[in-house]
Structures are given as C-alpha cells and as structure tokens.
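Starting from the known structure of chain A, arrange chains B, C and D on it as the hints suggest.
Protein chains: 4
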Amino acid sequence: MRLSGVFAPIPTPFDESDRVDLVRLRKAIARWMTGPLTGLVVLGSNGEAVLIDDDEADRVITTAREAIPTDRPFIVGTGRESTQATVRATKRAADHGADAVLVRTPGFFKGQMTTDVFVRHYTTVADASPVPVLLYNFTALTGVNLPVAAVSRLATHPNIIGLKESGGDIATVSELVSSTPADFNVLAGSAATFYAALCVGAVGGVLALSAVLPEPCKRLFELTGAGCHDEALAMHRQLMPMARLLGSAYGVPGLKAALNLLGYDVGVPRPPLTPLPEAGVAALREALAQFEVIPA
Amino acid sequence: MRLSGVFAPIPTPFDESDRVDLVRLRKAIARWMTGPLTGLVVLGSNGEAVLIDDDEADRVITTAREAIPTDRPFIVGTGRESTQATVRATKRAADHGADAVLVRTPGFFKGQMTTDVFVRHYTTVADASPVPVLLYNFTALTGVNLPVAAVSRLATHPNIIGLKESGGDIATVSELVSSTPADFNVLAGSAATFYAALCVGAVGGVLALSAVLPEPCKRLFELTGAGCHDEALAMHRQLMPMARLLGSAYGVPGLKAALNLLGYDVGVPRPPLTPLPEAGVAALREALAQFEVIPA
Amino acid sequence: MRLSGVFAPIPTPFDESDRVDLVRLRKAIARWMTGPLTGLVVLGSNGEAVLIDDDEADRVITTAREAIPTDRPFIVGTGRESTQATVRATKRAADHGADAVLVRTPGFFKGQMTTDVFVRHYTTVADASPVPVLLYNFTALTGVNLPVAAVSRLATHPNIIGLKESGGDIATVSELVSSTPADFNVLAGSAATFYAALCVGAVGGVLALSAVLPEPCKRLFELTGAGCHDEALAMHRQLMPMARLLGSAYGVPGLKAALNLLGYDVGVPRPPLTPLPEAGVAALREALAQFEVIPA
Amino acid sequence: MRLSGVFAPIPTPFDESDRVDLVRLRKAIARWMTGPLTGLVVLGSNGEAVLIDDDEADRVITTAREAIPTDRPFIVGTGRESTQATVRATKRAADHGADAVLVRTPGFFKGQMTTDVFVRHYTTVADASPVPVLLYNFTALTGVNLPVAAVSRLATHPNIIGLKESGGDIATVSELVSSTPADFNVLAGSAATFYAALCVGAVGGVLALSAVLPEPCKRLFELTGAGCHDEALAMHRQLMPMARLLGSAYGVPGLKAALNLLGYDVGVPRPPLTPLPEAGVAALREALAQFEVIPA
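Chains as they are written, first to last, in my numbering: chain A, 1 to 296; chain B, 297 to 592; chain C, 593 to 888; chain D, 889 to 1184.
Extracted from the complex, chain A is given alone in its bound form (with noise of 0.2 Å):
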C-alpha cells in the first residue's frame, strides 16, 4: 500500500450541545472529495480524537467511510493509552472501513516509553490490525519521542507500512527515510515542512493546512515530484505563513475557524479547547486572502 500524496487529516464538527455532528462531518468531506487531496484521515489529533468517546468515533468512521470513494485511501486514528484499547480501537475502525490506521504513540508515562516497550506495543498493534498500520510520532504534543531507532526495527514488520513525522527537525526526517525500507511511507506532519521533507525523501504528507487549501498543497507536492524545485519552493513559501498559523499558533481552533471561513461549516471546538478569539480569525482571513478562496 503506497501512501504517496497529500492526506487532509479533517477535524470532527461538533454541534451547538458539544455532540459530533455527523450531517456537517458528511457535508465537508463531500466537498474534499471535489478536489485534488489524496485521502484522509479522521480521528487524528485534528480530529480531537482525544476529546471524543468509542462510540463516538464508530459513527464517525462509518460516516466518512460512505462519504470517501474507495480509490481514496481512509486512514482512521486509534491510538490510545494502553496496547488493547488501542487493538480494540484499530479492530473497530477496521471493521467500519477504514482502509489503515494512523497509531499515536502512547505518552503519559514518559519514563517507561523505551524503545523496547515501543517496539513491543507497536507490533502488538499491528499482529491485531486487519488493516495496514502507520506509526505517528508526535513529540510536540505527547511529550514522547519515538526514536529512528525503534521505527527502524518496526519497518520490517509486514503489517507497518509507514510513519507520520510531525516534528520539524529535518535531519531526523532524512534518517526515517534512510533507515527503513524502500516502500516505508515517511509523512510529513506539518505543511510548514512539507517541502523540505519531500527534498529529503518523505513520500508525502498529512498536512491540517490541506484541509483548507488543498490544491496549492497538491500542487506543491507535483511540482517537486517533477523537480521543478523553483516553483515548488516558491508554492512554498506562498503557504507558509498560513502553515504557520495552522501549527503551533492557533491549532485545532485555527483549522476549525479557517474552514468555517471557506463556509465548511465545522462548527467549534469541543470543550476544553475554545473557539479562535477574533484576533485569531482576522489574522487567518488575511492570510487566506491572497488565496482568493474566502466566498465573497
């Protein structure tokens, strides 16, 4: 399974009494399916997967499963805390379609996460999968790092076919690539270093900023797999300051705001994350401005 492109990892609307809003959730992916992305991924941490319940998510799986073509890969989070709640999340999104699973490390226990213990829940996870497995390294927000160490050794386990990266330190992207095998898909996790990972040898990306601005993100992607680096670099530089407002500055409030901005209609964050403040939404509809996708 080549996971090459540019993934949309969606957030989930939630309606006005905090419940998930599946008609909005249908409605925004249809639109997605308009346009150039690859695939998506719902239940990631866009997807405030944190905040939402198993039964919960099985009906957001099942919505975005009718909702997403069949030629479109559909990758669904199910990490978890412990090794069989995550089995039982990936059992479950695989029996409600989801075409693989996008697994973030567990973190709370930060002294115990070795690569041992690593390596040991990851291949727990994936002997259970019925589907393909992409391991999710997310440093920023788990405080845990997945050494290159560990996924080197998970790479060659048949039911692992990837990983997403969604730390900024290029050099570590170039040794994921290096270490693990030809057909590994490294992603990049952020749009902010989509490019240089593409340069370094990263087969794609899952990218919040995709969701919002799909085709400059595609193009962006074409342009350097034909190597015109030129253009390629000025695409990216063109995406950066929304990147960068879409990463660490406004975050899940930032995507939903400037979705609902392009009229997705996404809804608000669920609790205890809050809405983007004004200052936020104005500073995202400038940055958009020069996109000429805001609807009049």
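Mixed in with the good hints there might be a few duds.
[Claimed, not checked] Straight-line alpha carbon distances no greater than 35 Å define the calculated DSBU-like cross-link-like pairs of lysine-lysine that follow:
| id | chain 1 | residue 1 | chain 2 | residue 2 |
| --- | --- | --- | --- | --- |
| 1 | D | K1106 | A | K218 |
| 2 | B | K406 | B | K323 |
| 3 | D | K979 | D | K998 |
| 4 | C | K683 | D | K1106 |
| 5 | A | K110 | D | K1106 |
Because the hints were derived from the structure by calculation, they are not lab data.
Showing chains B, C and D alone in chain A's frame:
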C-alpha cells in the same frame, strides 16, 4: 472537608490476562485498612487510570468503596481530556461512592491550555460534581502546568477543596499555600518533597511511597505536625531513597514490584507498561531492607 | 571553614560610561557591613561576572577586600569555561584576598559535560586553589546540571568545602545534604527556596534578596536555627513576593533597581543588559513598601 | 559581500601542555587551502573560542590570516557575553585581518534576552565593526533563541550581511530566508540540515563536517545549485552518518579525532573537554572508511 494527612494512591491490580483483578484489589485494600493511612486514592496516575476504560473504572470504584470504611476519605481520579468526559467520570465516581474526586489537568493540546481554559474546565466540572473536587497538577507527565494564578482563582469555588501538586519546586508549593484560602487543602504529590511541603504549609500528601511504607510516612506527617523537626528530618532522610526509586526512577512498575515484595499481590502493570526488570526489583529489595517490612 | 548563614551576592556597579565604578562599590559594601549579613559574594552571576574582564575583576576584588572586615567571609566567583582560565582566576582572587571561591560549572559544550568531566575540572581547580572552593550549580542559566553523584565525589576533596545550589527542586537539595559529609556546606541559591532548604539541612544561603533586605533574611535564618518554625514560616511568606521578583522575574536589572530604590546607588547593568523598565521598578517599590526600608 | 558556498569552522590546535599550537594551525590550514572549501571560520564554537583568551585569539587570527589566500573569505568568531567585549573582539579581529565576523548571541542571562535586547546588541556591534557582521544563532549551546523577528529587523543594517543558524528546524530556516532581503546570507550551521536548508533557500553552510570531508560537502553544494537533486540527495545521505557523529554525538572532541585520523594533526581539546574515547574514534574510523580518505 479537611484532607490533612497521608493518602496512598494505590495501584490497580491486573491478572495474568490483563484484566482488572477485583479480588486482589479488595485484599490489598483490606490490608492497607489495618494501618494508619488517612485515606486512599484510586484511579490516579499510579492507578494506571489512563490505561483503564470506563466500565473497569466503575468496578474498581465500587469494589474499593466497599473495602474502605466511611471514616477514611475515599478519593477517585476522574480527570479526562474533554470537559464533558471529566464531568461524566466525576458523576459516575460520585454515584459509586467516592467522597471526593481528584481531577488531573487535561494536557493534550498544550498550546491551548491557558489559565482561562483551565479555570473554565474546572469550574464546569466543580459545578456539576456531586462531591468535592481536588485539582491535580502533574507537569512531568502531562506536559502542561496549572499556574498558581489559575489555582488561586479556582480556590474560591465552593466545591473545589484542594490541590495535589506533584512538582518538586518548593517555592511553587509555598506560593500555592499563600495564594489560596486557609482551608484550601494543598497536598504534596511526591514523597521526596513531602516533608519540605509540610514545612511551607501543605496539609498532607498523596504519596505512592505511603502505599509501600504507610507507618513511616504517617509518622513523618505526625512528627512535623508536632514540631519535632529533628526527628521528622531524620525520618525524611530515611525515606528519601525509596521515595526516589518509586518516583522518577521506576514509576508504576516500581510501585507494583515493591508492593509485591511486601506481599500485597497487586499483579503486573498493563501494557505498554512492563514489569520492573530484575535489577530494579533488587534495588527495591535492598532499599526496603532497612525498614524490616519484607516478609521472610 | 563553616559557611553557615546568609551571604549576599552583590552586584557590580557601573558608571554612566559602562565602566566599573569602584567608589560606588566601596560605599555600598560599607553600608552592607553595618548590617547582619554573614558575608559577601562578589563576581557571582548577580555580579555580572560574565560581562567583566580580568583586569576589572582584579580591581573589584581588591576594592571589596579592603571594605570587608576579615571576620566576615569574602567569597569571589571565579568560574570560567576552561579549566586553566578557572585556575588562573582562582589564583588571582586568592592573591587579592578572597577567603574562598565560588566556581560555577562550565556549560558551553553541554553534550560533553558528564559527571567525570565535572569531577576532573573541579579537582584540578581545587588542587590548584590557595583557598577553599565552593561548587556552584545554576542549571537555569548554564543549561547543564551538576549531578548529585558528582557533588558526592567532589565533597571528599579536602579543598572543596561546599556548594551553592540555585535550583528549586527541594528533593535535590535534600539529597545533596544527605550524600555529602556533615561539614560540607550546602547553600541555597535563591531566597524563594531558602527556608525549605534550611528545613532539609542546608546551612545557609547565597541570596540576592539578602543584599536588598539583609535583616529579614538573617532573621529567617536565625528563627529556623532556633526551631521557631511558625515565625520562620511567617517571615518566609513575607519575603516570597520580593524573592520572586528578584529571581526569575527581573534578574540583575531588578536587583540593581531595588538597591537603587533603597539608596545603595549601584548604577545600571552592563549592556546587553538594560535597566529595569519603569513598570518593574514600580512593582519593586510596592513590594518593598511593607518592609519600611525605602527612604522617604 | 556574498557568502555562498561551504565554510569550514576549523578547530584550534592545542599542544601537549594545553597551549595554542600555531605551527599545527598553519599546517592544517595549508592543507585545507589545497581543497575546494569556499572559506574558513576560526574561533567559532568548534574553534573552542569560549576556552581561549584574548591574546591567544589574536595569535590564532594573525596566523590564520597569513595562511589563507585573500580570495577566500576568512571569518572570525567574536561573540562575547557583554556588548563592549564583543565590540573589542570584533575590532581586534578586523585589525588582524578578518574579512567578516561571526557573532554568537550572548546567552547567560536567559530571562533578559528579548528581541529588543538582541537588536540593540547587534546594532551596536555592527555600527562599530570595521568589517561585515554575521549573526549566529546556536540555541542548543547558548540556551537562547534569536527570533526570526529580530533577524528580520537586523537584516536591514548595512553592515549585517547574514546569519548562521545551527538549529535543525527547517521551517525556521525557511522563514529566515523569507523574512530577510534577497542578498542576506542565510547559512546552515550543521551538515545534517545543509541539503534541506539549501532547498529552502539558504546560500551555504558553516559545517564542521566540511573540515573533515571538504570535497563531498562542496560537491553537495554544487549539485544542489545545479538542480541535480537526485545526486545531491544521494550525497546528502552518504554524509549523514558522519554529520550526526560530528554534531550532537561527539562535538569538538569528535571533530579533532576525525581530523587526526585523516592526518591533520590538530591535537587534543582543551580541558574541561577531553579527547574522544576510543570507542568513538572507532566509530569515526568506520564512518570515514567509505570515503576512502583515511591514510593507509
């Protein structure tokens, strides 16, 4: 509700098939109840709460409630990442007999966890909780800090009665005491800082070490309260090596290993956690030797 | 050599042309010498030692030596990045009258600063020093930590008499006391942790606050020594706000501003440091008001 | 002044008595000058500048100047903690023949190092410097970060011509390029990030690795410039293991050991640094083997 004294955050026993073992739990609690502990905390971080699902949690709470006399405070950890899940867990804990709840800060979306967000989250939980609420700050595990300014604001809520602070910065503990009302219960979260925390005005501690060595921990508390600082300091020093081993060094696997050495029979940690390696067990055995508590 | 008591790490005055001002230095020391301070430290971090060249340092030491009676310990900061520069600075300080030297850890090459490297560095310095040596760990500024294990080994050197620990982790202070001989002088490095450090066995402190408020700091020390913990804790609490302002909040610019408010006339910080902004001066004035020390 | 290309930050040789060895320095430079390096940096962090006094620095600069042809840029590190010492060191370097200076951020008083403070410091230095100034950000060693906003403001100063950025976050490198004028020289500070930095618009690198392997590093630069990304990526990958060893892993002791293996004879590091342990030397020897550069 005054929470002055020594509270043991007890582990959750699992059996050989990675299931919660209520029989072992009941027996272990019965043994603790023969000693001087002020009260117990179940489903805290040492209870591996993040690895346990809601149904298991209900059974742990019910079992513990039956085993703990009503004159000893029975506290249940109910912190979740979302506000609504925290409220639900809190209500269930109260329904199943908790005297108070200990609510860890949410921490996944680190960039968004401002003072205002924490105040809103805890206010919603405390408003909805049928039982008193304890705040819980454990920066080393959550990666976020509950600022003194947030605690100071929350301490005026009639249903928020105290805080467990697990950090070792003693000036912060002192400021927490100074910036909250006199009847607000500031509890130390680690045995290594317990004595100093009492010196600057904390009224007790939630100490993993006290599950292993209840008598010495309680004696340290009493000596300090009686103004016997020389004896208290001597007891503190005697406890430090074990405090360090159970704290940053060995974590939950260490706590379970130590208790098993003493005959408590609390089983193994839940994966991805693994049992303490033999070298660690040997170190615990040696550190425990001077207390003459290991059965022959 | 026993270093029990309260030591003020005094700032180095600069004049309007960014030159060391020895007249101001002499006058300020004379005023401190009318009070209860146990001794003084010059050219520590609060003395802006890293901003001062060797010739200036010689003149500061000579001037201070003349102004300090021989019955009060006169300590000079001589830590440098290279071992040989530290030895040279130490010998010069001794030649110019230092009673002891305070040697900050080297810290530029962070990856190489192992326990063995620290032990070798300090052993070389202590072997060569004509006067007793104090270790100095200030992780927040140097970015490296002098481990308890290194201190424990170095404490057996006949010419290493103690340690200034500027970190706030009280368990570490306790371990430093426990793992060194009874006559090894563990000194707290910040006023905010001073009282708790005394409780766990420190014998004194090197406190910027004590340059500003010598009497209350000395009183806190004496009350603790006399076992009057209630009064000591009350004094600690009264001092905390000023301790925080002079510590992490305002640094050297804050110390100079506070002293200038009290009429010490210690000039401005050396660039790149800048004088404390007026809002900070106002906060200091307000915090000092309750001590009735500001001249009318 | 355009600084496009590959610059080697060379080490400073010390003899068996811990003295600067100018004979070894001259010989090593002569050998480097037979190769393709664009220019040299002396007294940078790899030159152990923080371990060297001012008189030694003068002699190193004079000796290097004589050994380096005037058509290759000769850059001298002159960053100090105080602004006035930095100005003095900069003027001395210019007097002794430096073509440009590389000025590391001051970093001791971490809490006070704001954007405004950095702008004032560098402006004063650049105003006073007879030669062009390069900014230098090395957060991993200094513990402070020179923000993009500060660089953007400083880049308009007519005497500030560029920046060495040693961090590995590629999005930051990209932003540094985007937020400075087209003729501002952004240089990568580590070989592990060099190729990706070139991809996002850096014009060259100051690479410890290029002292050891000048030809491959220069070739990587030229391939990228020529748009031969496949060959460039292959060269990058071949260089990564050595880049990692010389970077975070072994530091200055590693650089000296590698050069000694190749016959450069640069002596040992200055204490407290110690020579690389034999296991490290063996790892370097193995990593160098594929380049066929070690003399038989």
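query: Is A/K110 close enough to D/K1106, meaning Cα to Cα at most 35 Å?
result: 42 Å, violated
task: Mind checking the alpha carbons of B/K406 and B/K323 for me, to see if they're no more than 35 Å apart?
output: Violated. B/K406 to B/K323 sits at ~39 Å, over the 35 Å cutoff.
query: Holds or violated: are the alpha carbons of D/K979 and D/K998 at most 35 Å from each other?
result: 26 Å, holds
message: Run the distance test for D/K1106 versus A/K218: straight-line Cα separation, threshold 35 Å.
response: Given pair D/K1106, A/K218 holds - Cα atoms ~33 Å apart, limit 35 Å.
field: C/K683 paired with D/K1106 [C-alpha distance capped at 35 Å]
entry: Distance of about 47 Å is beyond 35 Å: violated.
The structure is inconsistent with the numbered hints 2, 4 and 5, although it conforms to all the rest.
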